[in-house]
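S.K.: The primary structure of each chain is shown beneath.
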Amino acid sequence: MKLRRLLSVFLILLLSFTVAACSSNTNSEPAEKNSGKTTEKNESKNVEIRFAWWGNPERDKVYNQILDIYEKENPNVKIIREPSSWNDYWTKLSTQAAGGNLPDIFGLQLLLYGNEYFSKNVIEPLDSYVKDGTINTEGWDKAVIDAGKYKDNLYALAKGVTIESMIFNTSKLKDLGIDSPKSGITYEEFADYTKKIQEKLPKGEYAISGDPTSIEHGIEMWARQKGGSFLSEDGKSLGFTEADLKSYWTYWDDLRKAGVIPSGQVSAEQSTTPDQSNFFATGKAVFIERPFNQAKVFAKYLSGNELDIMRYPTMDNGKNKGGEQLQVPAIVMSKKSEVKEEAAKLINYFVNDLEATKIYKAENGIPGTQPVRDNLETVLDPLDVKAIKVMEEVQKDIPTTTIRPQGSVEVLSIYKRYAQNVAFGKMSIDKAAEGFFQEAKQALNK
Amino acid sequence: MQAEALERESALLNVKKESAGRRLWNKNKVALLFLTPWLIGLIVLSLIPMIASMYLSFTHYDMFNMPKWTGFDNYINLLTSDLRFTQSLKVTLKYVFIGVPLQLIMAFGLAVVLNRGVRGLSGFRAIYYVPSLLGPSLAIAILWKQLFGMDGIINEFLSIFGIAPNSWVADPSTSLYTLIILLAWQFGSPMVIFLAGLKQIPTDLYESASIDGAGRFTKLFKITIPMLTPIIFFNLVMQLINAFQAFTPAYIIGGQTGGPLDSTLFYNLYLYIKAFTEFQMGYASAMAWILLAVIAAFTGLLFLLAKKWVHYES
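Just so you know, the sequences run in chain order U and S. Residue numbers for the first sequence follow this note's numbering, so the first one is 79 and each next one is one higher. Residue numbers for the second sequence follow this note's numbering, so the first one is 1303 and each next one is one higher.
Among these hints, one or two may not hold up.
What the hints assert, rightly or not - Stretch-level coverage of chain U by chain S, calculated; a stretch enters the list once three of its residues show a Cβ under 8 Å from a Cβ in chain S:
no., segment
1, 162–174
2, 195–205
3, 334–345
4, 495–505
Hint data in this document are derived by calculation from the structure and do not stem from the laboratory. Using N, Cα and C, we set each Cβ at its ideal position, and we do this for glycine too.
Given only the sequences and the hints, what does the whole structure look like? Please build it.
M.R.: See below:
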């Protein structure tokens, strides 16, 4: 009796499993049939490619447009799209990398995250695909190809090249009766200039939207202008001195006191506000520090206003006039991808195809390949044309771009914390600089 | 013959002894069988990861390379030299020990009011429960940020009284309190439990108290609260453990970094930052075990103290 009861329990359990298994079987059947048909026609299997990028709804439209065309031309390919906003993108990506389920193709900001990912053996080298012709690198700038290399292997292809810049609202300047800033404006001149603007602005509006010390590009450029870098090449020590940091924080603290940049509290709130509702996008600020390729996005939020791009302030008494880094948003393939051949084809299409790049334009910056640039000449947004000019000017007097070494992410977060302490007035500049150097050294020597 | 009988008896005895050991199995095997799906879940989804994290807490592990054994280094670093760890502990303790009592007082107060036979009780009960359902969600965290932001409704309301607008979420001295209010606002589930408890209190106690001339407050303090102590205790333990594990509101409102100035750096948020943005999985695992110890210590303390004030009717 007992045995029978036990048996029946087993049977019930077993049944539930088989039912589950059966139902999944029936689901997959039609798919198989479909693929059978296409095999006859195209001699290629149905594949699904996961493609992830960071951006905003406007950029997603551009991606979707390109990927839709690719799907139409390659009916056997289905592209699963995984867009996220900038902040979410990196946390999601690191979790996926650790879990071994990275998207087949995804975007990677080389300056910030290149070394973090290249050194972890999760990205597929592209050399073999270049060799067999799946990916074409003819006509590419050597500097741009080199940016995607790590230990002599090619890992990444640039979607564009961009630099940190000041985007500004010329219509607003006109309303205030102030001329646009002269090109190559120095830090001192820029301080006087923005103070003059601030005097004319009503309460609640700012000459500069957000606090440049709350992100790391400013201090990195300052360090490079003084002949240093953010971190030393081996990633074991800081590339600038305590005095450099103090002078940098003092410069911006002066502007903060003058109201040119918002107070610590206001910019803390700004930093968690989505782009389309920050001060600059709502017409309450004249300048914003961003990579120049984002100017078009802001132009959409600020329809009716004319925008322009200015290079970051230059340094007269430094070692280098400019300190900008070339930022290279690139496209890479996961080492774990099961559709590498198809993924390589899609990468090639995305960065080289004249139709695709004509849609993408300079979304992520200026393309790093001559044929694509030539093809874009007629369709580029006026802001991008301006950006190319600014970039040509910048490239004349900046030191070589250095990809940040592994481990920089932690130092960056320490930096941001101390910078915020200064912005809130909770720490004196001297004390914060001392604290930052102590904690950063501790983190780097782990 | 006799020897044979003896042998048989002893064999029988043996069987009996054995079956005493196996009785548990025999008695529970059907139950265990039915529990297998859950047991598998427990082992695969909880037990194994827990053991793994125990091991990882003694290693340096960046999720990509093999873990490197470092002994007690993680624990020593945490407890002796990590200032953000101390800060996150401070923030979390403040959140728990201000937020939970507030939440329970709200829950208890409303339960008592609703228990007075309000018309449409079930409707009210459902409405007051809604915040608890929405509580830990992303949407509410975003809503909260809007409410307490510079242009938020709270400022508009306060301006009626001439109070200068402030960005409550971006001010390090007030940002944690907006999260504490959020916690207190989610009083629904303890309230429902209180309501059920109130219904259990025999009405004859109140009747005889009335005959003896007891007033409303005497009845509240001499009957309702003492009779409800087991439920208060239960809610306290549950909400305490919940509050220790808070994450979502700080993640959204603090802009993923515990800002401004680490004022909303919850313990779990810091753990998350260590694990997933700084790739220090071993360190984060050690943090998780310390959190477990802290929660266990406080829960244990509550149980010890419970003997003094919780009144169980036998």
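S.K.: For each hint given before, does the structure comply? Return the numbers of the non-compliant ones in rising order.
M.R.: The structure conflicts with no hint, since it agrees with every one listed earlier.
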